[in-house]
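Can you make the complete structure from the sequences, with help from the hints?
Note that our numbering gives residue 190 to position 190 of the sequence shown, counting from 1, and the numbers run on in steps of one.
Worth flagging that the hints you see were computed from the coordinates, not collected in a lab. All of these numbers come straight from a predicted model, not from anything done at the bench. There may be inaccurate statements among the hints.
[Stated by the list, open to error] Ranges between beta-carbon positions, derived for each pair:
hint	residue 1	residue 2	range
1	Pro132	Thr168	49 to 59 Å
2	Ala86	Thr163	12 to 22 Å
3	Arg188	Asp127	48 to 58 Å
4	Glu117	Lys73	11 to 21 Å
5	Gly161	Ser84	19 to 29 Å
6	Thr123	Thr163	44 to 54 Å
7	Thr168	Glu100	13 to 23 Å
8	Glu78	Pro132	35 to 45 Å
9	Leu109	Arg156	29 to 39 Å
10	Pro132	Arg46	50 to 60 Å
11	Leu109	Lys66	15 to 25 Å
[What the hints assert, rightly or not] The calculated lysine to aspartate or glutamate pairs, modelled on EDC-like cross-linking and capped at a C-alpha distance of 16 Å, are:
hint	residue 1	residue 2
12	Lys73	Asp111
13	Lys49	Asp106
14	Lys56	Glu104
15	Lys165	Asp155
16	Lys73	Asp106
17	Lys73	Glu177
18	Lys62	Glu181
19	Lys49	Asp92
20	Lys191	Glu166
21	Lys165	Glu85
22	Lys73	Glu104
23	Lys165	Asp37
24	Lys73	Asp145
25	Lys38	Asp92
26	Lys158	Asp37
27	Lys191	Glu85
28	Lys59	Glu181
29	Lys56	Asp106
Glycine residues also receive a C-beta, built at the ideal position from the N, C-alpha and C atoms.
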Amino acid sequence: MKLLLTSLLMFTFSCASFKAERVSNKDSDEKAMEITDKWVVEDSRRAVKEILNQMKNHKNFKRVMKGFRGQPKVFIAEVQNNTSEAYFPIGDLNEEFLYEVSAEGDFQLVDNQAREEILKEITYQNDGMVDPNQAKQIGKQLGADFLIFGSVNMDRKKRDGKTLKEYTVNMRLTNLETAGEVARMRTRINKFSNQKSYGW
1 MKLLLTSLLM FTFSCASFKA ERVSNKDSDE KAMEITDKWV VEDSRRAVKE ILNQMKNHKN
61 FKRVMKGFRG QPKVFIAEVQ NNTSEAYFPI GDLNEEFLYE VSAEGDFQLV DNQAREEILK
121 EITYQNDGMV DPNQAKQIGK QLGADFLIFG SVNMDRKKRD GKTLKEYTVN MRLTNLETAG
181 EVARMRTRIN KFSNQKSYGW
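Here's what the structure looks like:
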């Protein structure tokens, strides 16, 4: 009987010590960054903001943009996952980059993902299914002035007895007409897990 009462008391105290806490998405990402070596949403946000900040402050970028007439049109290729992690959230990073470039409004985006669907729709319209006066014509799409492309790499290192993951995001802005490089940007994010494993 004493053993049963002791067990019940221990269970009650252990439950009382547990505290659930509701946090925002940003706070949860901040906490995740502290305890995991995996890439989280906040890492994508920070990397993109740093890349765009470097681009805007790049001397050659400023020089090229100063002499450019009108709003430059840019084609953004998908950032490539060159890490050894098959589940690296490269889609999240690409979407974050597109969102921030669009939100800043410095460039007119050439919609890469919609091109195939646009071609299908224009072909359909010109197959006699749509009033010829309303059908859109091929050959009037935007031609990009610049191309942005890049990759993410990851290197494992040992530091102070811990395994460190160093992620490097490399991006380039290139003039499509001349193939001349306008700017090259790079940012690094270091991740490590401080969790310990326990046996039962």
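Right, here's what the structure says about each hint:
1. Pro132 <-> Thr168: 49 to 59 Å: holds (53 Å)
2. Ala86 <-> Thr163: 12 to 22 Å: holds (19 Å)
3. Arg188 <-> Asp127: 48 to 58 Å: About 51 Å separates the Cβ atoms of Arg188 and Asp127, which means 48 to 58 Å holds.
4. Glu117 <-> Lys73: 11 to 21 Å: For Glu117 and Lys73 the Cβ distance comes to about 19 Å; the hint holds.
5. Gly161 <-> Ser84: 19 to 29 Å: holds (22 Å)
6. Thr123 <-> Thr163: 44 to 54 Å: Given about 52 Å between the Cβ atoms, the range holds.
7. Thr168 <-> Glu100: 13 to 23 Å: Since Thr168 and Glu100 have Cβ atoms about 19 Å apart, the given range 13 to 23 Å holds.
8. Glu78 <-> Pro132: 35 to 45 Å: holds (36 Å)
9. Leu109 <-> Arg156: 29 to 39 Å: holds (35 Å)
10. Pro132 <-> Arg46: 50 to 60 Å: holds (51 Å)
11. Leu109 <-> Lys66: 15 to 25 Å: holds (21 Å)
12. Lys73 <-> Asp111: holds (10 Å)
13. Lys49 <-> Asp106: It holds: about 14 Å lies between the C-alpha atoms, which stays within 16 Å.
14. Lys56 <-> Glu104: holds (11 Å)
15. Lys165 <-> Asp155: At roughly 6 Å apart (the allowed maximum being 16 Å), Asp155 and Lys165 satisfy the hint.
16. Lys73 <-> Asp106: Holds, at roughly 9 Å.
17. Lys73 <-> Glu177: holds (12 Å)
18. Lys62 <-> Glu181: Judged against 16 Å, a Cα distance of about 13 Å means the pair holds.
19. Lys49 <-> Asp92: Holds, at roughly 14 Å.
20. Lys191 <-> Glu166: The hint holds at about 6 Å.
21. Lys165 <-> Glu85: holds (11 Å)
22. Lys73 <-> Glu104: holds (13 Å)
23. Lys165 <-> Asp37: holds (7 Å)
24. Lys73 <-> Asp145: Distance of about 5 Å is within 16 Å: holds.
25. Lys38 <-> Asp92: Holds: Lys38 and Asp92 sit about 14 Å apart, inside 16 Å.
26. Lys158 <-> Asp37: holds (13 Å)
27. Lys191 <-> Glu85: Given that 16 Å is the threshold and the Cα spacing comes to 14 Å, the pair holds.
28. Lys59 <-> Glu181: holds (12 Å)
29. Lys56 <-> Asp106: Distance ~10 Å between Lys56 and Asp106 Cα, so the pair holds.
Comparing the model with each numbered hint stated earlier shows that all of them hold.
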